[in-house]
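Novice: Residue strings, one per chain:
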Amino acid sequence: MTKNPVQNQPLVKYEKVSKKFDDLEVLKGLDLDINQGERVALIGPSGSGKTTIIRMLMTLEEPTSGIIKVDGTPLWHKEVNGKLAPADENHLRKIRGDIGMVFQQFNLFPHMTILRNVTEAQVHVKGIPKDEAEKRAITMLEKVGLGEKVDAYPLQLSGGQQQRVAIARAVVMQPKIMLFDEVTSALDPELVGEVLEVIKEIAKESDMAMILVTHEMDFARDVADRIVFLHGGLIEEQGSPKEILENPQSSRLQSFLKRFLSTT
Amino acid sequence: MSWDWEFAIKVFPEIFNVIWLVIGITFGAYAVALVFGLILTFARRSSFKPLSWTVYGFIEFIRSTPPLVQLFFVYFALPLIGISLNKYVAGILTLGIHYSTYVSEVYRSGIDSIEKGQWEAARALNFTKSQTWSKVILPQAIPPVIPMLGNYLIVLFKETPLLMAIGVVEFLQKAFLIGADHFKYLEPLTIVGLLFLLLSYPAALLINRLEKWSNQAYGKGSR
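Residue numbers (this note's numbering), protein chains in the order written: chain L, 2 to 265; chain F, 929 to 1151.
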């Protein structure tokens, strides 16, 4: 476990964070802490704001109001003379280096081989020498079971294989926190298992914090330390997987789980 | 008036010799169009609104006025405000800038076809803005539009006779001069048409090849 520089300081802290898309308010003053090394699963009906939570942390969406802190430093703001001003790209880049993300649609670079997909950012963003970066990439690709495919292009792989490459590409950058945005939703059902296995494996081996937006309840139970149930842009209920899945308190969570288990 | 083979064979080399000048002007103007077109594309996308609006106005203005008018303006009017260009530079710049507005539109369509997820992945991996352009966006945006860019090379090539208006002796002007000397226009003008065909047609075939290649690159269609 990496030691926290400040005692009891969460790795990520959302303070009264709201997000509006035009007239639609998807988050309504969210307060949420993620600790170092903690695995948090976000569940909830579509439109409950769970994807927006991690997209704001990845700096893909800017919060409408509120503050997100990473290691105690505001992400979207910069302190200028004791006041908070909007952050510039340099500030965002500095903090973004600690964060990695895997997308629903994989988003591999189709014009690069698998190896280059996993090497490119190591070399050009982290400044790792090319041969070392390739070694690390190959080790990582072997870990996700794609050691044979280094010279293939993304479009030559199945969806499950592409998603495993995308996981390798993000994890090889050694972020402090990994974000998973419904990473199996775009996959054929028979390919879901291999991707979830890889994530579980990585969760076991590393001490990265993870936020996982997911509809896979069994997966959430296996991987997460805590499950957060969102409804209408607010946290409705949170707790250990056991508490949330086996003993839900709120009627909304009860009916969500019931509906969920009956549809799958 | 009938076709005179002897005359045609005699004047052919004279007209053919201009080929290097025409090719030079074509590629010079094309290079200007490719580079300046990319600059226009970026400027058009700038979040600094006055720049993007100015560039929008510039593009619309250039496209809605005839290249011949622009050529006369550059060659005859600019010297009045102290900018004198020789006829070759004036020709290359005018044609190049004129086509840069079309080329810029081609780039734009290529860039717009890149999925939002590619930008987001580049961001998540913490690439800088310029790395995102050079490593992720442009390498995907340009190959599919190479055939369109190639078509503009051919169109531009066919516009080179315009430059005779400012005294550049390209194919057509050469043919006219020869014709005027001998009072015979049929042969030299036919040769000009033939030369355009001989150069344009293989170029079009090459572009077709490129199009097929770009449809198959990176494992497309293999699954």
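Simulated from the structure, these hints should not be mistaken for lab results.
It is possible that part of the hints are untrue.
[Said to hold, decoys possible] BS3-like cross-link-like pairs, simulated, lysine-lysine; straight-line CA separation at most 27 Å:
1) F:1057 to L:131
2) L:70 to L:144
3) F:938 to L:21
4) F:1086 to L:150
5) L:127 to L:84
6) L:127 to L:205
7) L:79 to F:1148
8) L:201 to L:177
9) L:17 to L:70
10) F:938 to F:1112
11) L:150 to L:95
12) L:95 to F:1057
13) L:127 to F:1148
14) L:14 to L:136
15) L:136 to L:177
16) L:131 to L:95
17) L:21 to F:1140
18) F:1044 to L:127
19) L:150 to F:977
20) F:938 to L:177
21) F:1057 to L:177
22) F:1148 to L:70
23) L:21 to L:84
24) L:21 to L:127
25) L:21 to F:1148
26) F:1044 to L:29
27) F:1044 to F:1140
28) F:1057 to L:79
29) L:150 to F:1140
30) L:29 to L:17
31) F:1044 to L:95
Novice: State for each hint whether it applies.
Specialist: Structure-based check of each hint:
Proximity of residue 1057 of chain F to residue 131 of chain L is assessed by CA-CA distance (about 21 Å); at most 27 Å being required, the pair is judged to hold. For the hint linking residue 70 of chain L to residue 144 of chain L, the alpha-carbon distance of about 32 Å lies beyond 27 Å, and the restraint is violated. Distance check on the hinted pair: residue 938 of chain F and residue 21 of chain L sit about 77 Å apart at the alpha-carbon level, beyond 27 Å; violated. This hinted pair does not check out: residue 1086 of chain F and residue 150 of chain L have alpha carbons roughly 47 Å apart, beyond 27 Å.
The straight-line distance between the Cα atoms of residue 127 of chain L and residue 84 of chain L is roughly 31 Å, outside the 27 Å bound, and the hint therefore fails. Between the alpha carbons of residue 127 of chain L and residue 205 of chain L the distance comes to roughly 25 Å, so the proposed pair stays at or under 27 Å and holds. Taking the CA atoms of residue 79 of chain L and residue 1148 of chain F, the gap is near 44 Å; set against the 27 Å cutoff, the hint is violated. This hinted pair checks out: residue 201 of chain L and residue 177 of chain L have alpha carbons roughly 17 Å apart, not beyond 27 Å.
Taking the CA atoms of residue 17 of chain L and residue 70 of chain L, the gap is near 11 Å; set against the 27 Å cutoff, the hint holds. With a C-alpha separation of about 13 Å, the suggested pairing of residue 938 of chain F with residue 1112 of chain F holds against the 27 Å cut-off. In summary, the hint linking residue 150 of chain L to residue 95 of chain L is not supported, as the alpha carbons are separated by about 32 Å, beyond the 27 Å threshold. Pair hint residue 95 of chain L plus residue 1057 of chain F holds up; C-alpha atoms about 14 Å apart against a cutoff of 27 Å.
A hinted pair counts as satisfied when its Cα atoms are at most 27 Å apart, and residue 127 of chain L with residue 1148 of chain F does not qualify at roughly 30 Å. A distance of roughly 35 Å separates the Cα atoms of residue 14 of chain L and residue 136 of chain L; the hinted pair therefore is violated under the 27 Å criterion. For the given pair, residue 136 of chain L sits about 21 Å from residue 177 of chain L by alpha-carbon distance, which is consistent with the 27 Å threshold. A threshold of 27 Å between alpha carbons decides the hint, and for residue 131 of chain L with residue 95 of chain L the separation of about 22 Å falls inside it, so the pair holds.
Note on residue 21 of chain L and residue 1140 of chain F: the hinted pairing is violated, with a Cα-Cα distance of about 45 Å set against a maximum of 27 Å. Restraint check for residue 1044 of chain F and residue 127 of chain L: satisfied, since their Cα atoms lie roughly 24 Å apart, inside the 27 Å limit. Distance restraint check for residue 150 of chain L and residue 977 of chain F: the Cα-Cα separation of roughly 46 Å exceeds the 27 Å cut-off, and the hinted pair is therefore not satisfied. For a cut-off of 27 Å, the pair hint linking residue 938 of chain F to residue 177 of chain L is broken: about 78 Å separates their Cα positions.
With a C-alpha separation of about 23 Å, the suggested pairing of residue 1057 of chain F with residue 177 of chain L holds against the 27 Å cut-off. With a C-alpha separation of about 42 Å, the suggested pair residue 1148 of chain F and residue 70 of chain L falls outside the 27 Å cut-off, and the hint is violated. For the hint linking residue 21 of chain L to residue 84 of chain L, the alpha-carbon distance of about 24 Å falls within 27 Å, and the restraint holds. With a C-alpha separation of about 34 Å, the suggested pairing of residue 21 of chain L with residue 127 of chain L is violated against the 27 Å cut-off.
For the hint linking residue 21 of chain L to residue 1148 of chain F, the alpha-carbon distance of about 38 Å lies beyond 27 Å, and the restraint is violated. A threshold of 27 Å between alpha carbons decides the hint, and for residue 1044 of chain F with residue 29 of chain L the separation of about 26 Å falls inside it, so the pair holds. Our distance criterion of 27 Å between C-alpha atoms is met by residue 1044 of chain F and residue 1140 of chain F, whose separation comes to about 26 Å. Our distance criterion of 27 Å between C-alpha atoms is met by residue 1057 of chain F and residue 79 of chain L, whose separation comes to about 20 Å.
Straight-line distance between C-alpha atoms of residue 150 of chain L and residue 1140 of chain F comes to about 25 Å, which keeps the hinted pair within the 27 Å bound. As the CA atoms of residue 29 of chain L and residue 17 of chain L are separated by approximately 8 Å, the hinted pair is consistent with the 27 Å bound. With a C-alpha separation of about 23 Å, the suggested pair residue 1044 of chain F and residue 95 of chain L falls inside the 27 Å cut-off, and the hint holds.
In terms of the numbered hints stated before, the structure departs from hints 2, 3, 4, 5, 7, 11, 13, 14, 17, 19, 20, 22, 24, 25, listed from lowest to highest.
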